[in-house]
Amino acid sequence: MARKILEVNQMTAGFLVNTDIVKATDRISFDLEKGQTLCIVGESGSGKSVTSLAVMRLIDYAGGMILEGDIKFNGEVLSTKSQEEMRKIRGNRIAMIFQDPMSSLNPVFMVGEQIAESLRLHQNKSDKEAMKAAVDLLRQVGIPSPEVRARQYPHELSGGMCQRVVIAIALACQPELLIADEPTTALDVTVQAQILDLLQQLKKNNDMSIIMITHDMGVAAEMADRIVVMYAGGIMEEGSVHEIFAKPSHPYTVGLLKSIPGFEDSHGEELYTIKGNIPRINELPTGCRFHPRCTHAMDICRKQEPGFFQLGQDHKAACWLYEEHGGDSIVSPAGAAIAHGEVRV
Amino acid sequence: MGEYIIRRTLQSVLVLFLITVFTFGLIHAAPGGPTQIFLSPGLSIEAGQIRAEQLGLDRPIPIQYFNWLGNIVTGDLGTTFKNNIPVGEILWPTVKNTIILMSVAWILSLIIAIPWGIYNSTKEYGVSDQTASFISYVGFAMPTFWFGIILQSFFSLKLDWLPLSDMYTMGKEGNMMDLIQHLVLPVSVLTLGFLAGYLKYSRASMLEVLEQDYIRTARAKGVKENKVVFRHALRNALIPVITLIGLDLSILVGGAALTEAVFNWPGMGRLFVEMANSREYSVLMAITLLSAVFVVIGNLVADILYAVVDPRVQLGKGGKA
Amino acid sequence: MSVNLEHTPNEAKLPATKLGKAKRPPGPWALTWRKFRRNPYAMIGLITLMIFVILAIFARLIAPFDPAKTDMMGAGIKPFVDGHILGTDELGRDIFSRLLYGSQVSLTVGFSVAAGAVIIGTLIGAISGYFGGWIDVIFMRAVDVMYSVPLLFLNILILAIFGSEFTYMILIMIFTSWMGVARLVRGTFLQLREMQYVEAAKAIGVSSWGIIFRHLLRNASFPIIVNATLMVGGAILAESGLSYLGLGIQPPDTSWGQMLSKAQEFMLIDPMQGVYPGLCIFIVVLAVNFIGDGIRDALDPRQKMHLSPRRLEQWRAKFSKSTK
Numbered sequence: 000m001a002r003k004i005l006e007v008n009q010m011t012a013g014f015l016v017n018t019d020i021v022k023a024t025d026r027i028s029f030d031l032e033k034g035q036t037l038c039i040v041g042e043s044g045s046g047k048s049v050t051s052l053a054v055m056r057l058i059d060y061a062g063g064m065i066l067e068g069d070i071k072f073n074g075e076v077l078s079t080k081s082q083e084e085m086r087k088i089r090g091n092r093i094a095m096i097f098q099d100p101m102s103s104l105n106p107v108f109m110v111g112e113q114i115a116e117s118l119r120l121h122q123n124k125s126d127k128e129a130m131k132a133a134v135d136l137l138r139q140v141g142i143p144s145p146e147v148r149a150r151q152y153p154h155e156l157s158g159g160m161c162q163r164v165v166i167a168i169a170l171a172c173q174p175e176l177l178i179a180d181e182p183t184t185a186l187d188v189t190v191q192a193q194i195l196d197l198l199q200q201l202k203k204n205n206d207m208s209i210i211m212i213t214h215d216m217g218v219a220a221e222m223a224d225r226i227v228v229m230y231a232g233g234i235m236e237e238g239s240v241h242e243i244f245a246k247p248s249h250p251y252t253v254g255l256l257k258s259i260p261g262f263e264d265s266h267g268e269e270l271y272t273i274k275g276n277i278p279r280i281n282e283l284p285t286g287c288r289f290h291p292r293c294t295h296a297m298d299i300c301r302k303q304e305p306g307f308f309q310l311g312q313d314h315k316a317a318c319w320l321y322e323e324h325g326g327d328s329i330v331s332p333a334g335a336a337i338a339h340g341e342v343r344v
Numbered sequence: 000m001g002e003y004i005i006r007r008t009l010q011s012v013l014v015l016f017l018i019t020v021f022t023f024g025l026i027h028a029a030p031g032g033p034t035q036i037f038l039s040p041g042l043s044i045e046a047g048q049i050r051a052e053q054l055g056l057d058r059p060i061p062i063q064y065f066n067w068l069g070n071i072v073t074g075d076l077g078t079t080f081k082n083n084i085p086v087g088e089i090l091w092p093t094v095k096n097t098i099i100l101m102s103v104a105w106i107l108s109l110i111i112a113i114p115w116g117i118y119n120s121t122k123e124y125g126v127s128d129q130t131a132s133f134i135s136y137v138g139f140a141m142p143t144f145w146f147g148i149i150l151q152s153f154f155s156l157k158l159d160w161l162p163l164s165d166m167y168t169m170g171k172e173g174n175m176m177d178l179i180q181h182l183v184l185p186v187s188v189l190t191l192g193f194l195a196g197y198l199k200y201s202r203a204s205m206l207e208v209l210e211q212d213y214i215r216t217a218r219a220k221g222v223k224e225n226k227v228v229f230r231h232a233l234r235n236a237l238i239p240v241i242t243l244i245g246l247d248l249s250i251l252v253g254g255a256a257l258t259e260a261v262f263n264w265p266g267m268g269r270l271f272v273e274m275a276n277s278r279e280y281s282v283l284m285a286i287t288l289l290s291a292v293f294v295v296i297g298n299l300v301a302d303i304l305y306a307v308v309d310p311r312v313q314l315g316k317g318g319k320a
Numbered sequence: 000m001s002v003n004l005e006h007t008p009n010e011a012k013l014p015a016t017k018l019g020k021a022k023r024p025p026g027p028w029a030l031t032w033r034k035f036r037r038n039p040y041a042m043i044g045l046i047t048l049m050i051f052v053i054l055a056i057f058a059r060l061i062a063p064f065d066p067a068k069t070d071m072m073g074a075g076i077k078p079f080v081d082g083h084i085l086g087t088d089e090l091g092r093d094i095f096s097r098l099l100y101g102s103q104v105s106l107t108v109g110f111s112v113a114a115g116a117v118i119i120g121t122l123i124g125a126i127s128g129y130f131g132g133w134i135d136v137i138f139m140r141a142v143d144v145m146y147s148v149p150l151l152f153l154n155i156l157i158l159a160i161f162g163s164e165f166t167y168m169i170l171i172m173i174f175t176s177w178m179g180v181a182r183l184v185r186g187t188f189l190q191l192r193e194m195q196y197v198e199a200a201k202a203i204g205v206s207s208w209g210i211i212f213r214h215l216l217r218n219a220s221f222p223i224i225v226n227a228t229l230m231v232g233g234a235i236l237a238e239s240g241l242s243y244l245g246l247g248i249q250p251p252d253t254s255w256g257q258m259l260s261k262a263q264e265f266m267l268i269d270p271m272q273g274v275y276p277g278l279c280i281f282i283v284v285l286a287v288n289f290i291g292d293g294i295r296d297a298l299d300p301r302q303k304m305h306l307s308p309r310r311l312e313q314w315r316a317k318f319s320k321s322t323k
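Protein chains in written order, with numbering that gives the first Met the number 0: chain A, 0 to 344; chain B, 0 to 320; chain C, 0 to 323.
The following block holds chain A by itself, in its conformation from the complex (with noise of 0.2 Å):
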């Protein structure tokens, strides 16, 4: 078995909102296999970017922190750290990317500076090579004329071209992990396509581990080998990219496929959309969280909250539907047309 690289176990992560303790993630527990790719689903609210700020600890300077459970990366326990042990390895072992990328650049310095900072940080390069080794890194992540980028400011940059200065900040100390939370929801579609093959490549020539938080399954299809669908802080199911699009088995994750546009049995009809919203995770209700808007509601789901049910070798789903026959699907194959490349996304 390849070697884990990254285990979350049982992290209840949580803010301070005026004197109450609100959770936003519930116990939850995955792991990630060193090269491989994982994608966090879910709508907004569900806790997966809280997921991400908690690996990189960062979850301590917005107001929160990591409540109970741990994070091991290579085995070394993260979440009892100190900031000081922590700076270490942010931006070195592990580095993150996010969201909006031209809000995530520091506007009053020169992009190269931004980049040669991280090397001068970790590596020790002095003031020349960093800035040497910033032009080559923007060259890298496809940046043309890289030796004048380098001394233009952000606000001088497309929102795309931004992203891959945030992403060669990311990659300047080779991290063994790369956490991109949303990395291409800001972008226009075209230039989306660009930045995850880049990110695939890039994966592929530095031997790296993604964690890839997304709320659009069809980057999932794209990018993922492996995949968590999270809701209101809890974990839903939990598979192989092949496993969750051909036999998708949570209501959730069914209804997430089938408000695809152009997907399965939508065609000529009205976009599927799951009734309802995300509850506030301190509001959850009793029983299975997402009972109130799940169309298989039984009683007992009201009652007691469903534990993982084992439905595959690699896939399991919180769901009391596969308490007695667990392994099958309750549902026609919703996203078997995506896994087989059958719906290009």
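Warning: the hint list may mix true and false statements.
To be verified - Keeping only pairs whose Cα atoms sit at most 27 Å apart, straight-line, the calculated DSSO-like set for lysine-lysine is:
hint: 1; chain 1: C; residue 1: K34; chain 2: B; residue 2: K199
hint: 2; chain 1: B; residue 1: K122; chain 2: A; residue 2: K124
hint: 3; chain 1: B; residue 1: K226; chain 2: A; residue 2: K131
hint: 4; chain 1: B; residue 1: K157; chain 2: C; residue 2: K77
hint: 5; chain 1: B; residue 1: K199; chain 2: B; residue 2: K122
hint: 6; chain 1: B; residue 1: K157; chain 2: C; residue 2: K34
hint: 7; chain 1: A; residue 1: K71; chain 2: B; residue 2: K223
hint: 8; chain 1: A; residue 1: K87; chain 2: B; residue 2: K223
hint: 9; chain 1: B; residue 1: K226; chain 2: A; residue 2: K87
hint: 10; chain 1: C; residue 1: K34; chain 2: B; residue 2: K122
hint: 11; chain 1: B; residue 1: K226; chain 2: A; residue 2: K127
hint: 12; chain 1: A; residue 1: K127; chain 2: B; residue 2: K223
hint: 13; chain 1: A; residue 1: K87; chain 2: B; residue 2: K199
hint: 14; chain 1: A; residue 1: K80; chain 2: B; residue 2: K223
Claimed, not checked - Chain C is nowhere near these chain B residues, computed Cβ spacing over 12 Å in every case:
hint: 15; residue: T8
hint: 16; residue: G74
hint: 17; residue: P92
hint: 18; residue: N174
hint: 19; residue: I303
hint: 20; residue: R311
Hints were generated in silico from the structure; no laboratory data involved.
Idealized CB from N, CA, C, for every residue including glycine.
Based on the hints, put chains B and C in the right spot on chain A.
Then chains B and C, alone, in the frame of chain A:
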């Protein structure tokens, strides 16, 4: 940039022109007009009229205005109505005195407030932050002249540590130590007032920057927290603060009338009050115009500073981003 | 093609009401009040201001003496002697009674200047922002001009020209303080003008004025209120300053600023005379500012949650206890 400055300067000249029209209009809208002051006891109506004729006050108002404007442009501020003293002779010494007083207080408050406010933003609701917040509230709500009176009665009358008022002790004019002693109290009063605003502003500016995405990016890079604050955040937070400093340049001439009155400081503000009471309109016009010039220059300086410190701003090319 | 599954979370969702009764959710006013009420500073400010308002309204009934009545035999009486709670001044006038009557002046000036400036500023800002074009140019140049002269100078100048009768003074102060509101309203209107519901209102034939006052003003009202509250404090300070300079309230009428100007002359003999009126101004302005800040904070949707690591550790400990 050059083109932008020229355009802004032309706009400023327009504003200044409007101000002169406005003030001139106001004065002539006064019941009885400016000639009213010659109707004082001790001066016969005829004598008053003769004096008014000498000053050209019997001519149509537009002609008076353009005469006045022509003189101003050539640097002639006119003379006082009553004693026929050139306005410049009275005005310039007071301008100097006001600038001495205000610049000391202003610079002092900037030196204290900006670092302190920024420090407080990194330690929100700590002891230092609460203290600064208290000072801000007091500074905003305290009538400056009252604070002056309290300081006077305590430090001058009760303890006799510092001089009560004026700029110099009689016979010690020009003595630096004497000036400093006289400066302590009025500068304290003014500094408290300025501190209130700058403390709040620099703290808020820094807090806003610390919430930005690029600060998170810096932390994600593994930048040390003090470098996050002093390298990545500070430069961004200073942009609005520096702009505000430019805008406030006009404080140097405009903001001290009350403090000058309390401490009997021979400055422009006190002169303005005196001249308002005795209705010396030529002096009032001159001071109004001069303070407006400072405001306009301050605005221009603020814009230029903004363009210098913020790479996103290119003057003359689509304005502020 | 990629797909956006993002569902906008329902921000207006509120705690469920009892028995699913279709109760109307509280409006923005009620929500603001709810948050305001929890702010101790704001509430202290509100109560303090209320007390001063009541004292001012009933000054005639409460005041033990005629504030203008001089009594050379009873000058400089110490506090609590002969019924003079705070003593008498150098002319034998009862200081406490004068303070009470002074509060009438200060509060009247504060509230009427703020109200007047808001009305004029809103009108000008609304017209400017809504119609744009040359009207806008003229009004905004006027604002520039007014802002280019230090406001204290402007007040002094106009007071000196027109005299300082009480109503004049209020009018003059309104004339010199409407610009902030005008800029604020204009800015809000420029933003809102582009919004869909204004287009919609136009399409169904609502007149321009109807749109301005029904739709747009409702949206601009909160920032105006905050601005107005802070303006009350500013006007009280300005009045006291002008009266101190001898340009405001003239004897025999009394105001706190004017009392201070007299008190300074008698500082050596009775320093406390200079303390009371200043303290009154300070407390009232502080109260008003607390209220203004309270409203502003209540309107701020962002939750403040910056905490020190030590505090966070305490909360984590509390949390793990609660889950056991």
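Structure-based check of all given hints:
no.: 1; hint: K34/C / K199/B; in the structure: 22 Å, holds
no.: 2; hint: K122/B / K124/A; in the structure: 32 Å, violated
no.: 3; hint: K226/B / K131/A; in the structure: 23 Å, holds
no.: 4; hint: K157/B / K77/C; in the structure: 19 Å, holds
no.: 5; hint: K199/B / K122/B; in the structure: 14 Å, holds
no.: 6; hint: K157/B / K34/C; in the structure: 46 Å, violated
no.: 7; hint: K71/A / K223/B; in the structure: 23 Å, holds
no.: 8; hint: K87/A / K223/B; in the structure: 9 Å, holds
no.: 9; hint: K226/B / K87/A; in the structure: 14 Å, holds
no.: 10; hint: K34/C / K122/B; in the structure: 25 Å, holds
no.: 11; hint: K226/B / K127/A; in the structure: 20 Å, holds
no.: 12; hint: K127/A / K223/B; in the structure: 21 Å, holds
no.: 13; hint: K87/A / K199/B; in the structure: 35 Å, violated
no.: 14; hint: K80/A / K223/B; in the structure: 15 Å, holds
no.: 15; hint: T8; in the structure: 14 Å, holds
no.: 16; hint: G74; in the structure: 20 Å, holds
no.: 17; hint: P92; in the structure: 18 Å, holds
no.: 18; hint: N174; in the structure: 26 Å, holds
no.: 19; hint: I303; in the structure: 18 Å, holds
no.: 20; hint: R311; in the structure: 21 Å, holds
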